[in-house]
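Those protein sequences? They're chains A and B, same order as listed. Residue 34 in the working numbering sits at position 34 of the first sequence, and the numbers go up by one each step. Here the working numbering runs 1000 ahead of the position in the second sequence, where the first position is 1.
Hints in this document: simulated from the structure, not taken from any laboratory.
Simulated pairs of lysine to aspartate or glutamate, EDC-like, Cα-Cα distance not exceeding 16 Å: (1) B:K1289 <-> A:E97; (2) B:K1009 <-> A:E97; (3) B:K1156 <-> B:D1122.
Keep in mind it's a predicted model, so treat the numbers as computed, not measured.
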Amino acid sequence: MNLIEIKNLKKFYQDRLVLDIKSLNIPKGKIVVILGKSGCGKSTLLNILATIDNEVSKGSIVNILGQNVINMTEAQRANFRKENIGFIFQTHELIPEFNVIENCTIPLILQGVPNSKAIQMAKEALKKVDICENEFYKKPNSLSGGQQQRVAVVRAVIHHPKIIFADEPTGNLDPQTTKQVIELLKSKKDKNTTLIVVTHDNQVKEELADIVFKFQFDENEKIYKLKECK
Amino acid sequence: MSIPFKLFKISFVIIFITSFIVFFIIDIISINITSYNNYLKTTFASKQHHITIRFFKSVDAKETAKKIVDILKTQLTAYNSFVEADVDVLIKKGLREYRGKIKIVGLATDHYPITYNFNNLDIRLLPYFEIRPTGIELFEMFRNSQVEIFNQVLQKSFYQNLPSTFTTYKLKLKTNQTFIQFGAVLDDMKEIPILFMNQKKLNKLLHNPIGYIDGFYINIKNPEKTQLIKKLLQHHFKTAQITTWQEDNPKVNNILIVFSKLGRIIQLIIGILGIMAIVVIFVNEMVKKQPQLRLLHILGMNLKKSFHIALFTIILFSQLLAFLISYFFIAKEIDSLMIIYSIIIPILILLLNNYFLSIKQNILR
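Whole structure, please, built from the sequences with the hints as guidance.
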């Protein structure tokens, strides 16, 4: 069964067609890597799949977990993200006012998990990614880039989402930390979680990908088209 | 809920304090307006008859009085019939004289108390025997036509420096001439000069038939219910003209209304400024924390709902605190309007914030 099904997805930006996908299916429990140059539409696709953006052409269908997310209201999409999606960003995107634990517990708090239970879960998850206890109550700015990214990964997976979107998760990291993050993502792979990674990092592709899609420029239609790489 | 509070800790404290100050000031103004209005109303109610019934044709005084007592029952505290006349007079004492239009009111004195409280007269002049008369003594003298009473307007326009004893004046009407004894001054809060005298004496002076009356003055237990009582009396006395003390004193009543409206305008201005301050603080913080909000939005937080609940809670609690402090420590006369404010203002702020949040969510996309 496919987790994500896309049909006739078109996105215009100021009358310019920026995304055109006739059909795309992503199965459950796989690690999918989407490659492409900057400006090819990777982030646009990610925003649509992540239900952040639903302003697409009429007739576009994006079914995720059996629901057409394009027709959802703002509140429904927020609820859908809260329940089903985890995010890992290139620049960690941790909230500077919150400490490490508070950052990790956000998805749980949003789901209504009691604070004490959420803190307990965050502590356990942080220990698994080698964040020491004395770092738990520090603000993100006082952590290294690698530590921040590991905290971000914990935040993305702590509520056991069905889909994890990772936008250039190793983009800002040194080789050593990149390796750590790849290992961490590998460890999160299970039959119930689908990981969709947008990257231009070949190491990520080589070590993680079950399925690879690539945006390639179509000279005839003068637009980047998404194609599966065998 | 805890996430917006954590993220906007300081701003929410500032909003709470701002909201508290705004509503505390509004509460204080409200208390002052209410207290002052109540003071004026009480003063009025204690110095004037609350309801006046005027008949256009001759009525039987005893029968009508009985009917009034029957209709008002326990609501009634005092009543008396009156005769009134607007007359040109010449009041003369030695070289001093007053010439002009005055109202002469003849009060029935067949029972006590009447609608004017004789214990409450502002100035009581010393009688010959130099003992200050009590209210009942003065009433007895009034009943026996031994003294007449001036109201303050008449006293001021005629005789500024009060004599130390009862003084006799010559009162000349167009068709008649009599002597009056000035016994006390009544502050009735009326704007026209009035001379009060025994009804029988006035009827005689005006050549009215014996037992003639123009109407009744009525005092009721709760002066706030004048309109209700007026309607009740109108139902029973269809041909009579029935007025309340507010209607009989339009100038003072208008001042009361203007004062009250002014207070409301001040409250409104403070309220609007407060709302603006709160919205500006909030929107400013939203702009500052845009990246954090964007992230929370992506993670699935319903910004509108969360911030609405947070703001509503803060503003409601700040108002409640302001209300309680005003109520328990300053005055227990808080206006019922404050209850309405407490609900309307947070909703208004929420609607404004809703507008700004809608704009913000479009930016976040």
